[in-house]
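A.B. asks: Each chain is listed here by its residues.
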Amino acid sequence: MDIIFDVPQGLKVNPPSADNLYDVAIIGSGPAGMTATVYCSRKKLDTLLITKDIGGQVLLTSGIENYMGYQYVTGKELSDKFFGQIAQFPIALLSDISVCKLKLSKGNFSLSCGEKKFSAKSVIITTGKRSKELGVPGEKELLGRGVAYCATCDAPLFKDRIVAVIGGGNSALTAAIDLLSYSTKIYLINVADTIQGDPVLIEKISAAGGSADFYGGKKSGKVEIIFDSEITEIKGEKTVEAISLKNIKTQQIRQISVGGVFIEVGLTPNSEFVKGILHLNASGEIIIDCNSRTSVPGVFAAGDVTSVQDKQIIIAAGEGAKAALSAYRYLLEKK
Amino acid sequence: MSVLDDKVKSSVKKDLSNLKNNVKLILFSQEIECPSCKDASSLAEEVAALTDKISVEKYDFVLNKAQTEHYKIDKIPAIAVVGVKDFGIRFYGVPGGFEFSSFIDAIKLVSSGDSGLAQKTKEELSKITKSVLIKIFVTLTCPYCSSAVKLANRFAIENDLVLSEMVVATEFPHLTHKYNVFSVPKVVINETVEFEGALPEEKFLEQILKA
Numbered sequence: 001m002d003i004i005f006d007v008p009q010g011l012k013v014n015p016p017s018a019d020n021l022y023d024v025a026i027i028g029s030g031p032a033g034m035t036a037t038v039y040c041s042r043k044k045l046d047t048l049l050i051t052k053d054i055g056g057q058v059l060l061t062s063g064i065e066n067y068m069g070y071q072y073v074t075g076k077e078l079s080d081k082f083f084g085q086i087a088q089f090p091i092a093l094l095s096d097i098s099v100c101k102l103k104l105s106k107g108n109f110s111l112s113c114g115e116k117k118f119s120a121k122s123v124i125i126t127t128g129k130r131s132k133e134l135g136v137p138g139e140k141e142l143l144g145r146g147v148a149y150c151a152t153c154d155a156p157l158f159k160d161r162i163v164a165v166i167g168g169g170n171s172a173l174t175a176a177i178d179l180l181s182y183s184t185k186i187y188l189i190n191v192a193d194t195i196q197g198d199p200v201l202i203e204k205i206s207a208a209g210g211s212a213d214f215y216g217g218k219k220s221g222k223v224e225i226i227f228d229s230e231i232t233e234i235k236g237e238k239t240v241e242a243i244s245l246k247n248i249k250t251q252q253i254r255q256i257s258v259g260g261v262f263i264e265v266g267l268t269p270n271s272e273f274v275k276g277i278l279h280l281n282a283s284g285e286i287i288i289d290c291n292s293r294t295s296v297p298g299v300f301a302a303g304d305v306t307s308v309q310d311k312q313i314i315i316a317a318g319e320g321a322k323a324a325l326s327a328y329r330y331l332l333e334k335k
Numbered sequence: 001m002s003v004l005d006d007k008v009k010s011s012v013k014k015d016l017s018n019l020k021n022n023v024k025l026i027l028f029s030q031e032i033e034c035p036s037c038k039d040a041s042s043l044a045e046e047v048a049a050l051t052d053k054i055s056v057e058k059y060d061f062v063l064n065k066a067q068t069e070h071y072k073i074d075k076i077p078a079i080a081v082v083g084v085k086d087f088g089i090r091f092y093g094v095p096g097g098f099e100f101s102s103f104i105d106a107i108k109l110v111s112s113g114d115s116g117l118a119q120k121t122k123e124e125l126s127k128i129t130k131s132v133l134i135k136i137f138v139t140l141t142c143p144y145c146s147s148a149v150k151l152a153n154r155f156a157i158e159n160d161l162v163l164s165e166m167v168v169a170t171e172f173p174h175l176t177h178k179y180n181v182f183s184v185p186k187v188v189i190n191e192t193v194e195f196e197g198a199l200p201e202e203k204f205l206e207q208i209l210k211a
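Chains as they are written, first to last, in the working numbering: chain U, 1 to 335; chain X, 1 to 211.
Next comes chain U alone, as it looks inside the complex (with noise of 0.2 Å):
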């Protein structure tokens, strides 16, 4: 049986304060907005850290074998190890708020998040991404019956299920894994022709004994990969039932019976708190310069919120740091 504990020691994090005017406000605790809070109290910022939950989309990982310094840890354990650094330090903390408004107000900034409002001469955004919906019938009526978004949570309550997961990412490869041990059969419905996730998934997936023809989309193993597919319903009365697809070259539909849908088509950025405010691009994501700088000056960002190419844990640990250096530089010269 496994037991995860990890107890950050010494902590030093105090309530925010609606009168104090912030050197910087952090919005997000994923990797960016942690790494970020270490490098802003380090330079001695009075540093705000805003946020919903403790860890961001890491807490949805279950194991993580390219963050270096680790050959593996869980995500869970990764995001403690983080919280564990920024609670040494005297910031002030504000969690289980998931919106803000941002606001420019006297060349500083307003944040009202809720009934609260809080004052700071600058802010990190690093809001990170959430799973981006289908946007097909039977997806929101049947979202906690058999619709799921967190494979790491729900995979055990599908055990001698058939389930489906959409998506053919490094996500979607990941939830396969984490059902395997739980379901009797997997589909892996993909849209594309093609697997785009990492070969080592793959190769995890087939050791695992879900020995899936991944190049030729053939029955085999536990999991049955169908490609060029999309999912135009999801059925079912009380409780997920089964899936309608459609092949996008023949246009030919099936249904297929299951008792479970997880969903990974990709992610959608927490950006919408920020459109009108900041440029975007066509993805929703913020823009931003080589330095971390958003389209407002004063305002900057990092990690997956962000229009840096790619979404990896360690990138957005080191854009955090990049975002915390350029802030503290913002201030020195606003100063």
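All the pointers check out, no bait thrown in.
Straight-line C-alpha distance at most 27 Å; calculated DSSO-like pairs for lysine-lysine: (1) X:122 x U:52; (2) U:116 x X:127; (3) X:120 x U:12; (4) X:203 x U:116; (5) U:52 x X:150; (6) U:238 x X:203; (7) U:101 x U:116; (8) U:52 x X:203; (9) U:52 x U:275; (10) X:178 x X:75; (11) X:150 x X:72; (12) X:72 x X:130; (13) U:132 x X:203; (14) U:12 x U:43; (15) U:140 x X:210; (16) U:140 x X:203; (17) U:81 x X:150; (18) U:81 x X:9; (19) U:159 x X:178; (20) U:52 x X:120; (21) X:178 x U:235; (22) X:108 x U:12.
Hints in this document: simulated from the structure, not taken from any laboratory.
Starting from the known structure of chain U, fit chain X onto it as the hints suggest.
C.D. replies: This is chain X only, laid out in the frame that chain U set:
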């Protein structure tokens, strides 16, 4: 074989070094037809061995009927975490994985008797005059579930009418089926209010007041 490794034991020992009042882990189990009872028992004993403030009391689910009824235990393995009084905190199934942190948190909670909730939340909870049973279905691989359990336990600390039960979904398939648990954390309050996800304090409280 030990359930907790040396590294975890050392962290827990440090974490529990400042317990205020004594804590009893009251374990309900039985010899047969309970594959995880042995692990639950080892876990409770190994945690208790880390500080002299914690003791373990063991009861047979069937033979010790009086205690089973007194603590309102309806399935096993069960651990009631009890301080100077019974605050109404129960763990059904083995609180391993991510739930180990909510188990340790519950020990600290009942020992201090301080929920740490916002003043406004405490005031609202003090107005509750009927029994509120909060069931939280979890999996041990769910990183969000422990925050829902920790919060429900805090509600239980504030008002004796509030009972908080963590239920490991995979250990009780009949309940998983009955409550249609396909996503965790799944919270069921008084059989009338249901929701999925770890809500923040104010929102969770709203759901309790609705039930």
